[in-house]
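For the record, the sequence lines run as chains X and Y.
If you read the first sequence in our numbering, its first letter stands for residue 1, the second for the next number, and so on.
If you read the second sequence in our numbering, its first letter stands for residue 300, the second for the next number, and so on.
Be careful, since some hints might not be right.
Said to hold, decoys possible - Simulated pairs of lysine to aspartate or glutamate, DMTMM-like, Cα-Cα distance not exceeding 25 angstroms:
1) X:118 / Y:629
2) X:255 / Y:509
3) Y:712 / X:151
4) X:118 / Y:509
Said to hold, decoys possible - Here are some, though not all, of the chain Y residues that point toward chain X, as calculated from beta-carbon distances under 10 angstroms:
5) 400
6) 698
7) 699
The set of hints was computed from the structure by calculation and includes no laboratory data.
Source: prediction; values computed, not measured.
Glycine is no exception: its CB is placed at the ideal position from the N, C-alpha and C atoms.
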Amino acid sequence: MRGRRWEALLWLGPSLALIGGVVFYPAVALVGASLGRYSITGVYQGSVGADNYARLLQQPALPVVLVNTAVWVAVVVGITVVISLGLAQLLNEDFPGRALVRWALIVPWAASLIMTSKLFVWIYDYYFGALNALLTSLRVLPQPVDWLGEDATVMGAMIAVGVFVSLPFTTYVLLAGLASIPGDVYEAARVDGASRWATYRRLTLPLLKPALLVAVVLNAIYVFNSFPIVWTLNDRNPGFAHDTMVTYMYKIAFKSALRDVGLAAALGVVNVALILLAVLAYLRTVRWDDGDAAVSGRA
Amino acid sequence: MSRCIDDLECGSSRRWPGLDTGWLRLLAALVAVAALAVACDRGAGGGPAITVVIADYSKDHTRPFWQALAERYTKQGGPKVDLRIIDWNSIDQQVSTMIQNNQPPDVLNLNSFSSYARDGLLYPADDVLSPTTRDDFLEAFARGGQYQGKLYGLPILSSARAFFYNRDLFARAGLETPPKTWNDFVQAAKKIQALGGGVIGYALPLGPEEAQAEWAIWMWNGGGDWKTGDAWTINSEANVRTLGFLADLANRHRVTQVNPGKTNRTDGAFQLFKDGKVGMVIGFSPLAKQLDAEGKVKYGVAEMPTTLDKPVTLGVEDYLMAFKKKDNREAVKKFLDLYYQPDNITKWITAEGFLPVTKSGLERMRANSALKPYLDALPNARLAPTTDPAWDRVKLDVQQNIGLAVQPGGNSKQVLDQLQQNAVAAK
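Just chain X, same shape as in the assembly (with noise of 0.2 angstroms):
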């Protein structure tokens, strides 16, 4: 059996290198670099133990980092979600012409991120963007609001731009989700007289738990992250305050006075952890395994 094996190996074996190039060595290169001290030229000065760690701690910035990053993550998956389960639903149903919205659909979703949070700078801008404009000349606005400006609105700003480019695939899994429910369940609940509401609440949505819950870990994974949109929209304003943990984490090693690779490091480190919770936190208390038990149990 020993040719079996090694058989085995060789068809493995591209796989395990990508893996082992593209996820692991990298896993290792940050956790090493994160125990590191460089100089501002990129120099390894030696090791430093869990210091990066514990100065990590003390960085003044930090609670309000984390606060903008919950914050993000939280309110640009909800919001993309609800409207998401409302776009799959109409999506769902059959009518002239939707073929041509489900692709338009995919449109946020094929382009750059780049691109497309630069486009929405020049929307925003208070000066030349199309948002003030449309906004004072519908007189919703008395005059213009200096969107990517001030405090009160940066995160706002960013948030539409952050659901906006998450909607496409959201939809999508829960179309497919909405795809995969039998249609005899839906005729049995209209012979014993369900209500639409009732019909939507009570087999709709538990029947849809399997593709929500990817559909919200996954978000989870990319909004949190998302680099491009929080960076692009945000780069006007200085300090800290309107950072994620991911453009904070750039900005230690790259932008701030601290140039401080291995700070960044450990930061990267603490946010591979804090998703990884996250997701465990939120897996454990929705209850992956009933999602499946309601699936089964009711279809």
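Chain X is already provided as a structure; the job is to place chain Y on it using the hints.
Positioned in the frame of chain X, the structure of chain Y alone reads:
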């Protein structure tokens, strides 16, 4: 089963469907290509290829010039050049990564050098430049490239800031000449702002992109400085006064664009000036080039309004550095000498719209009358303290924080005190 490994008949088609002769041939071809690539890397003229990292000054000129220079260098018997043009936004990150991975470039172009000199990564100029090239540098720029008395940062090009004003808006506001004093400046800004219709008196960019440059020009003309002797004096009384003056422009006189502490230079202040919305802005020769190309705004260039007897402007010097690596000294020296041939360096600096760093370049560029205001300003231009490695951190700190002082409720003294404290602690 194991018998099949030796038995080609049974191995190739049934048990090892992937490992047929086609697959092997592909593998062999790949190995050959890899070997060829390694061979090419050795360079035609001898010695391993040298890596040259250049910042992207403009899409139109940077790559064509350096590409052609690299080809000439190789043709003249030098090794092959691995040329990397990197945009300003990511060059710090990419160079840092190269050094972390123990693969520093051979020649690097950047706006700072002293941290690299301090870390012992660079050749001093004497090792990699011929004496004639060295002696050709303008005195101020040669001084600006020294670390502990030795030249490491070789000036590659320079620029000088100047005061731009919109002639049409000045005429409409009844202003005849650009302001000379800060008092005149405030009055002029008020008159222009009073024209209404979204017209802005002065565009003040103190957002993170280039806040240290805007601040330095006002700071110097207010009588302050980054350092006095060897000591940082960022929070001197003069500087607190000057930052308060800028905050007043925004919040008391209201003659700036909205949120000046959160406005960047390129897509903020310059954009507004190019659109004819702004009376005054601090610009430099590339802005003039863009304005001329667009032909939309009639502008004048003048000296900075000042509180001193003689106005001061900011000179900016960018550098070339030669990294110490095994057996690369001769190759690097040859490359640098080629760039510093007067024809080559002047050709590039002219194409990019910047200013010379050599005496011979200065002579050649005097012929261009459009450059006169900047060339005149150049001898009196002051440079940032780039010779101090701490500056690399101070600059980023100023970029990230000084804007906070001109926002409503900002506290100039507090912001400067914090910057001073960090500067003293910076290593």
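Kindly indicate which numbered hints from before are broken by the structure, ordering the numbers from low to high.
-> Checked against the structure, the only hint that fails is number 1, while the rest are satisfied.
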